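Based on the hints, put chain B in the right spot on chain A.
Here is what each chain is made of, one letter per residue.
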Amino acid sequence: MELFSDLAGELGNILATLAAAVPFILGYVLLILLLLVVWKAVKRGLTPRRDFGSLKTVTFGDESAVNSNFAASVISVVLIFVLWGAFTGSKLLPGFMHAPGAYTGESSFTYTAMAEDGSTDDATVSVIIHAVGEDVDAPEMPLGDGFAKDDTMVVAAYRSELMRWDDNDEITRDDGAMITAVNGTPIEAGSPVAVDFGEVSLTGRGTLNVTPATGWQMEPIWLPPPEDVWSRLMEISTEGFRNSTLGEHLGYSLFRVIVGFVIGAMVGIPLGYAMGLSDWFRGWFDPIVEFMRPVPPLALIPLVIIWAGIGEEGKIILLFLAALWIMAIGARSGVSGVRISKVHAAYSLGASKWQIMRHVIIPNSLPEIFTAARVAMGVCWGTVVAAELVAAEKGAGMMIMTASKFQNTDIVIMGIILIGVIGFGIDMLMRQAEKWLVPWKGKG
Amino acid sequence: MSGLHIENISMRFDLPNGSSVQALKDVSLELKQGELMSVLGPSGCGKTTLLNILAGFLAPTEGQTRMNGHVVTGPDAERGMVFQQGALFEWMSVRENVSFGPRMAGQKPSQYMDNVDHLLDVVGLQEFKEKAIYELSGGMQQRVALARCLANDPDVILMDEPLGALDALTREKMQGLVLKLWKETGKTIILITHSVEEALLLGERLIVMAPRPGRIHKEYRLPFADLGVGADLREVKKHPEFGERREEILSMIWDMEEEIMGRQEAS
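Residue numbers (UniProt numbering), protein chains in the order written: chain A, 1 to 444; chain B, 1 to 267.
Honestly, the hints are just simulated from the structure, not real lab data. As the structure is a prediction and not an experimental result, all values here were calculated from the model. In this text, a Cβ means the ideal position worked out from N, Cα and C, and glycines have one as well. Hints are supplied without guarantee of correctness; some may be wrong.
Pairwise CB distance ranges (calculated) [claimed, not checked]:
| id | chain 1 | residue 1 | chain 2 | residue 2 | range |
| --- | --- | --- | --- | --- | --- |
| 1 | B | Ser19 | A | Ile340 | 20 to 26 Å |
| 2 | B | Arg234 | A | Ser336 | 40 to 46 Å |
| 3 | B | His118 | A | Gly420 | 55 to 61 Å |
| 4 | A | Ser336 | B | Asp114 | 35 to 41 Å |
| 5 | A | Tyr28 | B | Asp167 | 48 to 54 Å |
| 6 | A | Ile340 | B | Glu127 | 27 to 33 Å |
| 7 | A | Ile340 | B | Gln111 | 54 to 60 Å |
| 8 | B | Gln111 | A | Val259 | 31 to 37 Å |
| 9 | A | Ile14 | B | Asp14 | 19 to 25 Å |
| 10 | B | Pro16 | A | Val77 | 54 to 60 Å |
| 11 | B | Ser251 | A | Trp284 | 52 to 58 Å |
| 12 | B | Gln22 | A | Trp284 | 33 to 39 Å |
| 13 | B | Pro16 | A | Ile14 | 49 to 55 Å |
Straight line, CA to CA, 25 Å or less: simulated PhoX-like cross-link-like pairs of lysine-lysine [as the list claims (entries may be wrong)]:
| id | chain 1 | residue 1 | chain 2 | residue 2 |
| --- | --- | --- | --- | --- |
| 14 | A | Lys441 | B | Lys238 |
| 15 | B | Lys173 | B | Lys238 |
| 16 | A | Lys353 | B | Lys108 |
| 17 | A | Lys443 | B | Lys129 |
| 18 | B | Lys187 | B | Lys32 |
| 19 | B | Lys173 | B | Lys218 |
| 20 | B | Lys129 | A | Lys435 |
| 21 | B | Lys131 | A | Lys441 |
Derived list of chain B stretches under chain A, where covered just means 3 residues or more per stretch with a C-beta under 8 Å from a C-beta of chain A [to be verified]:
| id | segment |
| --- | --- |
| 22 | 73 to 81 |
| 23 | 94 to 108 |
| 24 | 131 to 140 |
Isolated chain B, as found in the complex:
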């Protein structure tokens, strides 16, 4: 049984003041190998909690995640993670960062060097491989993070707003890179984002989550990721359905935000 099975996950934790927070309620999903799924939702809807549970950093209070048949109990190299920023090791060079996973697994340089060099080529950082992390721009750093994750050859890549801190132009280029890597490597990718456009572009499947308690509100199947591979993403955005979907999802999230604000004002 391959793929990622999320089975009735709930997350509820106690606060110091005695009350408790229901961060997630009864979330179920199934991802097949090689699927690209983006997750969208207003702040506080439990997106990051869900991702942390999938990565194994948090244990759900109910339900379980199964990966290729076994239950997830902690972080593992089979589930790679790309963070928003600041998760690179600045005391290592670019190449040392990318080869971190294989090195920790005890591989010899001769075993991983070719693959690391290849990945540095793919993300366009071959010339920068001996540089220190802090000498790179934000976009380059995120490319290192992607390459580092891929060098470890995980089955699933979890991305927690990996492009959130980048400027619009770099972001667009990086979106193209993510699509390219997805197609070339055939990895299962779950991407959390705040940007509706990004979620539409980078999701075969798009999940919209609702807050309080965090739950899946609506799921879409979209053609844009396939259209976008190797194409100009700006052209994809001109697709009539793209605009429609964007407006639909935007107003959905807008309503949720309104509701949250209203509830806060009422209370």
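Only chain A is shown next, with the shape it has when bound in the complex:
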């Protein structure tokens, strides 16, 4: 029962996060709809194309009338990059498109210190806020008069800094001095005071905590701007990462996928044929295949590491297992899916069993096998990245995992994009091959 209350708590947290995201999601949807209206207006201005689709009056509910709108695709992709640039202060975008950034520059605030005897004195703190990664020394400044002397401090954007204001004062906290106000506003622990550059709060021990405003932009360590990712891509593709070039990392991942998939297909397809053609083989392998199929390949990673280590062998065994069941089931249903009238016709035309296998059953099963191969390649690609995340010397997954340990977010993002592009490329290639090799698919 404790489990249930724990899970209910988790669910509450998730729902709270979701609720916080709702305004942003709504904003995005509104933007989509706004651009839809704009696009319709633009389109009305253009010369209309009177193709068959545009003459349909019933489009709502007619699936064939819904084609992917190319303009929407372009805008959506461009918008992703614009948002990415705007919230990371990308130099590719003109400054006015940037979301408000973190405060940088020089500013100051004053604090009012009160000595034990009730006397007060004001002092000015000059604050220099610099961009992340820069190194700035605090300049020497005159101390001013009174028992509270002026201070200087340096803070990096997105960070906060403790200000031990009494270090240079004549009366320190040990003597009973304390701060009563910042910029004339009374301050106490737990209620910060807003200043020009952010906010200042009082800690429980009486020091000041200075927090510059972070604005709406993301810190590069969370999300680097697109140009940084691009330049990192250029750098890694020429200089490499962790003793291997980018080509080696991606090449190793692809090599594992292709070898694992090919071996899986070489075993899986004959297995599927045997299951489709013989009741004994079907009975024999059904329990094994039906049990292994729902086991996610990722769940096998620990066992494969125990058995075969983290080298190529283990990876290829894993991908072999990932592809094997998918290919076996694809081949099996390809064989079972042959229309009996085709087989009967071939027998009546004098074909032998082997000729029927070669000229009827195999070609008839190819479309199903291609579908299975597409699925298997997708699963293998996902599995290889996951396996490399766990342990590998080289590979796309290892690259982003290692980069994340060193907080090289730009490499992580670059790697994710490359993995996505390659996965997409594999699928497109498979589709193209399918069109080429089994043009009769779905037309039987």
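For chain B alone, coordinates are given in the frame of chain A:
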């Protein structure tokens, strides 16, 4: 002893629930070389079972079929089959489909090409021979199926509702083609159909089957197939006897259907 001899065929199979179905009972027929016979009957009368037995796809529980003297034990190139639809190989071109039989028999292209081209001419698909099957209309596909069957030069052609899925106009044209091929090639043809008109047009002999158990109910000898060769089939249909026979057979089948319905309601 040439021709097709169907000797006391019965077909009875067990159902999973323990009961059994008598699909055919004591069916006997004799067909001489070159006869054209159509088979008609309400659904469930065992027409297709009979055809599958003749083709050799099913073994009867009793009786046997003899073809040119030997007993039929399985499918063979001597008995060609034309299916309703979907029995063409869509991974082959039209010509590859038509030449399938000769190719499987190990003939060289030089041996079969002339005949294949001739058959493509006969069925009017010469221009389409390099096309893929799925690029053809339903009627053209059935013409390919006919040509494929003929290219293998079988003695008997078994047709399982080959024109059932075609529209009325195409169907009529195809009926003319079947008659023409029958006359030109002299093949024995057994044609199963649901359409009384088609059975009358495409049968020198017409068998009406009755259901439960499947058996031969009545046999006719008809002149319409001979009249129809090379003639306008619509003219044949205006023949006074044609209308008479049609009404007679229709009401016969109607009665059988009624009886089946009645029995189902009673049970």
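Now for the hints, and whether the structure bears them out:
Between serine 19 of chain B and isoleucine 340 of chain A the C-beta distance comes to about 25 Å, which sits within the given range of 20 to 26 Å. With their beta carbons about 45 Å apart, arginine 234 of chain B and serine 336 of chain A fall inside the hinted range of 40 to 46 Å. About 57 Å separates the C-beta atoms of histidine 118 of chain B and glycine 420 of chain A, a value consistent with the hinted range of 55 to 61 Å. Checking the proposed 35 to 41 Å range against serine 336 of chain A and aspartate 114 of chain B shows it holds: the Cβ atoms sit about 39 Å from each other.
Between tyrosine 28 of chain A and aspartate 167 of chain B the beta carbon distance is about 52 Å. The supplied range of 48 to 54 Å therefore holds. At roughly 32 Å, the beta-carbon separation of isoleucine 340 of chain A and glutamate 127 of chain B lies within the given 27 to 33 Å, and the hint holds. The hint said 54 to 60 Å for the Cβ distance between isoleucine 340 of chain A and glutamine 111 of chain B, and at roughly 30 Å that hint is violated. Between glutamine 111 of chain B and valine 259 of chain A the Cβ separation comes to about 45 Å, which falls outside the hinted range of 31 to 37 Å.
For the pair isoleucine 14 of chain A and aspartate 14 of chain B, the supplied restraint of 19 to 25 Å is violated, since their beta-carbon distance comes to about 58 Å. At roughly 57 Å, the beta-carbon separation of proline 16 of chain B and valine 77 of chain A lies within the given 54 to 60 Å, and the hint holds. A hinted range of 52 to 58 Å holds for the C-beta pair serine 251 of chain B and tryptophan 284 of chain A, which are about 56 Å apart. A hinted range of 33 to 39 Å for the beta carbons of glutamine 22 of chain B and tryptophan 284 of chain A is consistent with their spacing of about 36 Å.
One distance hint, 49 to 55 Å for the beta-carbon pair proline 16 of chain B and isoleucine 14 of chain A, holds here, with the actual separation near 50 Å. At most 25 Å may separate the alpha-carbon atoms for a hinted pair to count; lysine 441 of chain A and lysine 238 of chain B exceed this at roughly 46 Å. Taken as a hint, the lysine 173 of chain B and lysine 238 of chain B pair is honoured in the structure, with Cα atoms around 17 Å apart against an allowance of 25 Å. About 20 Å separates the Cα atoms of lysine 353 of chain A and lysine 108 of chain B, which keeps this hinted pair within 25 Å; it holds.
Simply put, lysine 443 of chain A and lysine 129 of chain B have alpha-carbon atoms about 18 Å apart, close enough for the 25 Å limit, and the pair holds. Between lysine 187 of chain B and lysine 32 of chain B, the direct Cα distance comes to roughly 10 Å. Compliance with the 25 Å bound is thereby established for this hinted pair. For the suggested pair lysine 173 of chain B and lysine 218 of chain B, the alpha carbons sit about 28 Å apart, so the restraint of at most 25 Å is broken. The straight-line distance between the Cα atoms of lysine 129 of chain B and lysine 435 of chain A is roughly 22 Å, inside the 25 Å bound, and the hint therefore holds.
Our distance criterion of 25 Å between C-alpha atoms is met by lysine 131 of chain B and lysine 441 of chain A, whose separation comes to about 16 Å. For a cut-off of 8 Å, the count of residues in the segment 73 to 81 of chain B with a CB near a CB of chain A stands at 7, and the three-residue condition holds. Given a C-beta distance limit of less than 8 Å, the hint that chain A covers the segment 94 to 108 of chain B holds, as 4 residues qualify and 3 suffice. Coverage of the segment 131 to 140 of chain B by chain A holds in this model, with 3 residues showing a Cβ closer than 8 Å to a Cβ of that chain against a need of three.
Hints 7, 8, 9, 14, 19 from the list above are not met by this structure, while the remaining hints are.
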